[in-house]
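Visitor: Spelled out from the first residue to the last, the chains are:
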Amino acid sequence: MHGTHVTPTVSRRHFILTAATAAGGFMIGIGAPRAAHAGTVPAQPWNDDNGYAPNEIDAWIAIDPDDSILIRYQRSEMGQGSMTALPMMITEELQCDWSKVRIEYASANRNIREKKVYGAMFSHGSQSVRASQKMMQQVGASARERLIAAAAARWNVPASECSAAQSVVTHKPSGQSLRYGELAADAAKITLSAEPAIKTPAQFTFIPRPLPRVDVVHKTDGSAKFGMDAQVPGMVFAAITACPVPGGKLKSVDESVLAGAPGILKVVKLDNAVAVVATDTYWRAKRALSRLQPEWDTGEAGKVDSEQLSKMYRAALDEPMQTARNDGNVDQAFSGGAKTFEAIYETPYLSHSPMEPMNATVNLQPDRLDVWVGTQDAGEALEAAAKASGLQPEQVYVHNGFIGGGFGRRDANDEVKQAIAIAKAVQRPVKLVWTREEDTRQDKFRPHAVVAFKAATGPDGLPTAWSMRVVTSSILASVGVKLPPGKIEPQTVAGLADNGYNVPNMRVQSLVKNTHLPVWFWRAPGVNQHTFAIESFLDEMAVANGIDPYQMRRKLLANKPDWLKVLDAAAEKGDWGKPLPQGSGRGIAICTDCDSLCAEVAEVTVKPDGQVKVNRVTVALDTRYMVNPLTIAEQAEGSVIYNLSAALYGKITIKDGAAVQGNFDTYRMVRLAEAPKIDVYLMPSGGKVWGGAGEPATPPIAAAVANAIFAATGKRLRSLPISDHDLSSGSA
Amino acid sequence: MTIISKGLCCGVLLALCAAGTSWADETTSPPSNTGEYLARAGDCVSCHSAPGGKAFAGGLKMGSPLGNIYSTNITPDPETGIGGYSLQDFDRAVRSGIAKDGHRLYPAMPYPSYAKLTDANVKALYDFFMKEVPAVDQANRPNEIPSYLSFRWPLAIWSLLFTPSSSYVNKSGHDADWNRGAYLVQGLGHCGACHTPRGIAFQEKALDDGSADYLSGAELDAWYAPDLRGDLRTGLGGWSKEDIVDFLKGGHNKGEAVFGSMIDVVNNSTPYMSDSDLNAIAVYLKSLPATAAQPAYGYDDATTTALRGGHATQPGAATYTGVCWACHGYDGKGFSPYTPALAGNPVLLDNDPSSLINLVLNGSNPLVVKGTPDAYRMPQFRQQLSDQQIAEVVTFIRNGWGNQAPAITAADVAKLRKSTDPTSDQVIILKMR
Amino acid sequence: MITIQVNGSPRQIDLEPDTPLLWVLRDVIGLTGTKFGCGIAQCGACTVHIDGKPMRSCSVPIGALNGAKVTTIEGLSPDNSHPVQRAWIAEDVPQCGYCQSGQIMAAAAFLKEFPSPTDADIDANITNICRCGTYERLRRAIHRAADMMKA
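Chains as they are written, first to last, in the numbering used here: chain D, 379 to 1110; chain C, 391 to 823; chain H, 1016 to 1166.
Take these hints with a grain of salt, some might be off.
As the list claims (entries may be wrong) - Non-contacting residues of chain D with respect to chain H, defined by C-beta distances greater than 10 Å in every case (computed):
hint, residue
1, PRO432
2, GLY459
3, ASP475
4, PRO590
5, GLU678
6, ASP926
7, GLY1016
8, LYS1055
What the hints assert, rightly or not - Coverage of chain H stretches by chain D, computed from C-beta distances (three or more under 8 Å per stretch; other residues unrestricted):
hint, region
9, 1019 to 1029
10, 1040 to 1050
11, 1078 to 1086
12, 1106 to 1117
13, 1131 to 1142
14, 1150 to 1157
If you're looking for bench data, these hints aren't it; they were derived computationally from the structure. Computed from a predicted structure; not experimentally measured. Ideal Cβ positions, reconstructed from N, Cα and C, are used throughout, including at glycine.
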């Protein structure tokens, strides 16, 4: 049976036993959650005002007399499940009753006013859990110890004789106990002389645990409020089109065509965009906007097209580069007359295309600004909004909603700044919504990248020397971050420089070539595309040298037991080596990302007319530790689909400086009928660091599918998307 | 409908020609029989403007059997336009196809139709172009016709053979509406340029209602300009006069929606015409007899029932319920008049499936009626559906709800997929055959 | 003036008849569970039931709906008890959740016509886009809901 595998019980003891009996040690399968006493979150996740609640113990936790516990969540819930996982970590240390936990977003405004009490508020880089883990544990542990101290004081006994469990503090020697709700007011007044130690993973009793996500109920009855759903009294609706050529400016627009149009409040001209504001529906604004024919000043950028860019990147492969990794002596190894391989791989610009188009709702008053937006970084959104409005950060309130997909896109705040500019012009609360076309074309794209490989193999068929040279553009430059001279931008070599293969002579270099197109973080930045390149090229060498691609990887990872474990698991569970019908094939790929490891096996059928069907994908994922294996498994499944859409169909084409693709009819997505069966095997290996979960399963799928296509057809794909290639049986 | 149009294709082109080429106030109609009104009725702007360019400055690339030609600048600019033209020069170009310098115009310019214009209307048009159109300094682009084909002298013979020698003369036995309609359809409207099949010399087989070929429908490279005669299934036999007027006025009527290069005509021309002129056109078109005896279309709800119940088993039914149903409905009736019906739609019933396939592959262009953009537009399915899937679903809709038309094959789709590939710079929009 | 019934309540709509139902639901009536994803009937995030049938409300003009009965995700059940909703919760389907109102409405209507669906039936009829890639769980949830409806 496909899919993930039902764990018979969620009790931790049984859970580990189940895990241990699966092949390969800590391998577990996660199926549907059992009926569970769930933590809850309100359907409208934002806090309407200052972010205070009665009965607070601290900025994070409030405990009411009836023992219900409010836990604040400072990151962003965009589907990755950290709104469930972070409070679970607090719950682990707080020793509280999960069924009485309710969750709300921490206030970015309070974070400003209280000296960053919530720390960083962003969700990217698969960091929500791993970068918050110590902090969450500390928050929970401190609150627990203060509750214990309050009870000890009440009983006049040493705190060391008291213990906490399920929201109750007990003094064993006397048999007395008090509920958290009875202690909270006292605990709030207690200051600990020193922060208590946090648990080691071996001491965990609550996590890891496959719990249903706290937001699932609201996401099945339409009540979950996304940024798009904000409703403010007196609100008007804005549609916008920015210059299709990034960097271009609005030259002129004839707004007279809208003169007297019913329901149209105003045409707002921005530096690089024009917006139409309607009084009653977004539709009216959107339609009126399509009547305008703005003229843009696009300059030289308006002449750029994809072909030129590709030529420019390829030509730059011969230019001097920065070196990220240099083992042994690659040049010497090549000079020995060994068998060599060379190939160039290319990956296109991509749009993020979250389901919820970009939007922001703002209410700008003289001394206060409220922003409703689904953002991956409420803290940054607040700063950007303050700057754009001219108000002090303390006067700005960002109400983060559930986020209809982020994937890295939702932290640039361009939509927030636009909404504020429009609000200034109309002096009314404004909801700005991008059309789908605008969302695609005004995206900040996954960079285009070209990778040139050269490798030499020895008598055993294994590579002895390997050079990797990358030309791509800089995400940090788009963000506005300047690297110190000589420092290499990690994203440019991610997935290459961090490969696990034991090759004595290896050199990884990159060169940044920026264009007028802004580029941005896209689920597993760098790794998502470079893994396609390196894992395909390795396959080329394996096949040419008569070595099974899986065995080739095994040999090159012989000294990396953790890598081997995920590789073996994917191969074994993915039926590597078992016969397949004509026209079908399997491919394998592996990567590290966000301190996690992931290997995937794809099973693919290529029909005679060239259509590709990915039948089945096996994922082995080692996130080192886990909080909620259920949401981790979901992230792995989602990662596979996300990058599968990109691998099969994704490409932003540039013509006259602008993105050609617009809506889903020209920017195709994988749908249910094309979705493979996905088996996920979670196998946390422990160790010093926690790995991420939201991204690491993204990269391998492209190479796994491309390698499977080679196995099925003998056609080696050195560029994406796959749909650009003719795979029909008669083709060369 | 113009012979050559900027409309067909997708992607960027589609975006570029969104909203048509604006000129003057696009929301109101000019007074009847002024030069501006006549220029609207003749839809000069659709051909004599390039996407994104200035009105009447020319530069639109058009395919022809000989090679690519570019429409010319007809603004009153003395150097690059027709600023130096006298009324006589203008008249010779419009009605006889001879430019001021004496060279023969390619019949992409529908002068065989314009030959029927009255002297007064030519004068009004001349005055409009000279006095009201802003001069644009934009040099004409040379045509891309191989030199061995570029002799223009045969055009003189062509003109002699195929261009009528006098203005339209009212036909007795018909009322004023009919005659006005005939004048507009045959003359300024140059409807036959697309809707009348062409002979071996690329000439329209008929220029008026004297022949059954006239407006009987014609293939136009990747599109099929429908039959406008009284044929019950494939022509206008099932349309009332009001349906015709609605269509010309708004691009939609009870069940049909404008597509292909006719979108340019609606974007730029017919909605600006007076109600009485549109009615006259309808009167005239409704007078054209059917070319063949066709049984009237009758709705059959078996398809609807099968689709609703999820038990339609024909190939293509699954694609229909997965993709098409959202706008065209289980009942094939669309949301008229906003999205077109498929049931009984003449475009589906015609033997020639080019337009259907083209629409499924490439979607529809933006329709802008007097400045108001369309609310609903056909998306493209080139990426999502294979040739086989498109062949199946088009065959399915051609034979659902009482429709009856020949099946199409994946090869038919493949051919059009290639010739209309928006990623190819070889796309030629509407060749004359 | 156009009269439609939304989740059982009559509503008078005074807007241009070519206005899509989606914006009437979201901006006029304030039912925000129905989502805007593409506006061209491609993604299905706006799926509602019109007279019991699944339709993509971004592409349905209200002018065509006089007298129609519209059910949105908010009206599918009063308490999240529809088998599809229960199955969705049991399989923990949603991730970001933005497309799920549409997915659930599509699945609920689908199961009325296909009480014992095969995977091929699901493939052909559930064509809504999910960018989080919940397809595998969504498929399981549809089967589970079918079982629940039979039980």
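Visitor: Of the numbered hints stated previously, which ones are contradicted by the structure, given in increasing order?
Guide: 2, 4, 7, 8, 9, 11
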